[in-house]
Amino acid sequence: MEENMTKKGKLILTALFFCLLLSSPALAQTPAGGKAPLFQWSIIIGGAIITFASAAGAFCQAKAISSACEGISRNPGAAPHIRFLLIFGLVLIETLVIYALLISIIILMVQWGKYI
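Residue numbers (this note's numbering): 4 to 119.
Worth flagging that the hints you see were computed from the coordinates, not collected in a lab. Hints are not guaranteed to be accurate.
[Stated by the list, open to error] With a Cα cut of at most 27 Å, we get these calculated DSSO-like pairs of lysine-lysine: (1) K66 - K10; (2) K11 - K66; (3) K66 - K13.
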């Protein structure tokens, strides 16, 4: 179990490293004016929000489906109840990801109107 957590930790750290590596050209540019850096940061933060929400949502959906399949295999008679709870849980997880997308779009549009 600990080995699996270590692998996940290494994978997460590697993904964060590559995200920082890929975003470094945007941070290395010289700012054109006083208002442009705030717009750039809002784009970076909006992208980070939706990336984190998508990754967390995908992980939660995978765990929910895995647990539902395990529960159905242990007790096939409870399949309709488990299926209902699984679909309800997946709807709630996906709703959170959509909320994160809407928040990042709102941040982008508010900053777009002010600074561009």
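So, going through the hints one by one against the coordinates:
Of the supplied pair hints, the one linking K66 and K10 holds, its CA atoms being roughly 17 Å apart against a limit of 27 Å. About 14 Å separates the Cα atoms of K11 and K66, which keeps this hinted pair within 27 Å; it holds. A threshold of 27 Å between alpha carbons decides the hint, and for K66 with K13 the separation of about 19 Å falls inside it, so the pair holds.
Every hint, counting from the list given before, is met by this structure.
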